[in-house]
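As they're listed, the protein sequences go chains W and V. Read left to right, the first sequence gives residues 1141 to 1482 (my numbering). Read left to right, the second sequence gives residues 1141 to 1482 (my numbering).
Some clues are possibly wrong.
Note: identical chains are not told apart, hence a pair may lie in one copy or across any two.
Claimed, not checked - Using 20 Å as the maximum straight-line C-alpha spacing, the simulated EDC-like pairs for lysine to aspartate or glutamate come out as follows:
id, residue 1, residue 2
1, LYS1335, ASP1172
2, LYS1259, ASP1463
3, LYS1335, ASP1290
4, LYS1386, GLU1181
5, LYS1308, GLU1186
6, LYS1329, GLU1212
7, LYS1216, GLU1327
8, LYS1363, GLU1394
9, LYS1386, ASP1421
10, LYS1216, GLU1325
11, LYS1414, ASP1153
12, LYS1317, GLU1461
13, LYS1216, GLU1326
14, LYS1403, GLU1212
15, LYS1393, ASP1421
16, LYS1329, ASP1211
17, LYS1317, ASP1445
18, LYS1403, GLU1186
19, LYS1329, ASP1290
20, LYS1414, GLU1394
It is worth saying that the hints were derived from the structure and are not from the lab.
Protein chains: 2
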Amino acid sequence: MSLTLSIDAMGGDHGPAVTIPASLACLKSNPDLKLILVGDEAVLNERLSEALVTFNGRLSIQHASQCVGMDESPSKALKNKKDSSMRVAINLVRDGRANACVSAGNTGALMATARFVLKMIPGIDRPAIISTLPSIYGHTHALDLGANVDCTAENLFQFAVMGSEVVKAVEHIENPKVGLLNIGEEEVKGNEQVKAAAKLLEHSSLNYIGYVEGDSLNAGTIKVDLIVADGFVGNVALKSIEGAAKMIGAAMKEAFGRNALTKLAAMAAFPVLKKFRQRIDPRLYNGASFLGLRGLVIKSHGGADALAFETAIHLAEIEAEQDITRKIAEKVEALLLERADS
Amino acid sequence: MSLTLSIDAMGGDHGPAVTIPASLACLKSNPDLKLILVGDEAVLNERLSEALVTFNGRLSIQHASQCVGMDESPSKALKNKKDSSMRVAINLVRDGRANACVSAGNTGALMATARFVLKMIPGIDRPAIISTLPSIYGHTHALDLGANVDCTAENLFQFAVMGSEVVKAVEHIENPKVGLLNIGEEEVKGNEQVKAAAKLLEHSSLNYIGYVEGDSLNAGTIKVDLIVADGFVGNVALKSIEGAAKMIGAAMKEAFGRNALTKLAAMAAFPVLKKFRQRIDPRLYNGASFLGLRGLVIKSHGGADALAFETAIHLAEIEAEQDITRKIAEKVEALLLERADS
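In isolation and in its complexed conformation, chain W is listed as follows:
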């Protein structure tokens, strides 16, 4: 099956310096993949002259005259940057010319633009951001990681429905285990929204396993496939984990760099440490999907390097191949019919 992705080539902290090598690597590894790189034609043409020949018919350039800044406000980007690389890349998804779009541009502007251009799936009230975290069991999917600051129980329930479809499709799991992020596992714990969401999940066809705590994202007492939270809590959890990993990395570097002896130990341990780092390399977990829209948008970390951006493109390939948007829309439609009947 041929698959076309649109790439916001100008987005992120590094722009084409990262998006181009990552794109070319993906074209090389997947012969069925087609990419449309969106951005300043002059810049891209110059950098891609050779690749356009190599990947003849699979690589093309779509001009966009503007660029959304990493600190630009979503409303300003929406109003003033109608020909931004981000916007044009999303337009390609709306127009059916691309199966998904990948951008390392600023999250707020990307979400606002995607929502404006693509519109919501009927029955879904708010988009959510889902991503994958390494865990002692392999990995865990979690949403919402920052699209919404306040969520109702119904929002949380919809996140669970959408997330389950993603996990099913991506992990090939029949009934993904869904946990609701809370501050304790007992029934009495939590705020009103979480308690009400638990009731909705208990009475649904989802494989709801109950409340889970923050440690379940990486290392819970039992395996959970999908963790649902409101965007404020989910984002804080994600960033806290990033901070913890950074601090542990710094402490390790410091311990091994202390003197000649410890540096010798570092050399002896180098291959092991390398293997260990690969296991939890955040670059291999880069890429968050916006769910609930009538089209797929994958957000890469703004500071992503080529390897990390490649991971985000791979995620787009998998989710587009699995036709996630259609699956979510069908599931939601079925749920709405069920509710109407009952």
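Fit chain V to the given chain W structure using the hints.
Just chain V now, kept in the frame of chain W:
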């Protein structure tokens, strides 16, 4: 200055097996310290017969006929366990016989009992849980870590006031830098409570530096001394960090344990890894204080070993010596007068 602490000797997953050795170690290291161990007299007398002689006059036993279970509901503990080791230990603080109480018992029951027995400081609406986390800058204090699921802006402001007093006293910093936990550093980010709390903090005499994200708990771009959040978000962040550390530890163990060669590398790296582990050893960060009550209660992790419980007792020593409760009460009174004047 002589200092007396009451110890809930029966609390935690391990009870006297942990609380006794930790207590004796603290008595040994601080000749000015007095401890009252609270619990089953028969059990404690037998285990302490020798120590009662060694630490003559500095160690005593207070009988309590009941024990609060680790899964017991706060309301049941409050109603049915009026002679629990936890309750009696807190009573000693209320009666002025101890300067602070340390317990590894269940958090909910301990908080409910402490609140019921000690009552709130006038001007503080809700108690909060504060603790310390290792960071690339040394460490960060954070509250609320789970006492409150929903907080108003005024609650968050009061947490900042109380937390600042703790950091001042414990770290000997004149103007601790206070950050508000949010999902972005820009002014537009966050929910209504956080935005309103920011306004209160901006107009206060506290050294408020603005919004910080989850990674600031361990490794932010700038140093922050105190991070303020509602109890739901704070607890999820704390647990997420615990999970991340556990996962990284497991991945490292796995990498070094893979085969004979990697095990050899582990031996070479052992002294370095040991040093590294010490830097982020969670046992050396054990102990969370309940703030806002008319008496000091320090909560140890339920699964604490003797070293970890010792850390919690040390924290109680420092906070009692610094007379944290009085300092918070005075600061709050001053703030209330300021508001009345304005």
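Hints, one by one, checked against the model:
1. LYS1335 with ASP1172: neither (46 Å within a copy, 48 Å between copies)
2. LYS1259 with ASP1463: Within one copy only: 17 Å inside a chain, 58 Å across chains, cut-off 20 Å.
3. LYS1335 with ASP1290: both (15 Å within a copy, 13 Å between copies)
4. LYS1386 with GLU1181: neither (38 Å within a copy, 48 Å between copies)
5. LYS1308 with GLU1186: Classified as neither; 42 Å inside a copy, 58 Å across copies.
6. LYS1329 with GLU1212: between (39 Å within a copy, 13 Å between copies)
7. LYS1216 with GLU1327: between (44 Å within a copy, 15 Å between copies)
8. LYS1363 with GLU1394: between (33 Å within a copy, 18 Å between copies)
9. LYS1386 with ASP1421: both (11 Å within a copy, 16 Å between copies)
10. LYS1216 with GLU1325: between (43 Å within a copy, 18 Å between copies)
11. LYS1414 with ASP1153: Intra 26 Å, inter 37 Å, cutoff 20 Å: neither.
12. LYS1317 with GLU1461: Neither. Shortest intra-copy (23 Å) and inter-copy (49 Å) distances fail the 20 Å Cα cut-off.
13. LYS1216 with GLU1326: between (45 Å within a copy, 15 Å between copies)
14. LYS1403 with GLU1212: neither (44 Å within a copy, 50 Å between copies)
15. LYS1393 with ASP1421: Close inside one copy (15 Å) and across copies (16 Å); limit 20 Å.
16. LYS1329 with ASP1211: between (38 Å within a copy, 13 Å between copies)
17. LYS1317 with ASP1445: Classified as neither: same-chain Cα gap 32 Å, cross-chain 33 Å, threshold 20 Å.
18. LYS1403 with GLU1186: This pair counts as neither: shortest intra-copy Cα distance 44 Å, inter-copy 51 Å.
19. LYS1329 with ASP1290: both (18 Å within a copy, 12 Å between copies)
20. LYS1414 with GLU1394: Both ways: LYS1414 and GLU1394 sit 16 Å apart in one copy and 13 Å across, limit 20 Å.
The structure shown violates the earlier hints numbered 1, 4, 5, 11, 12, 14, 17, 18.
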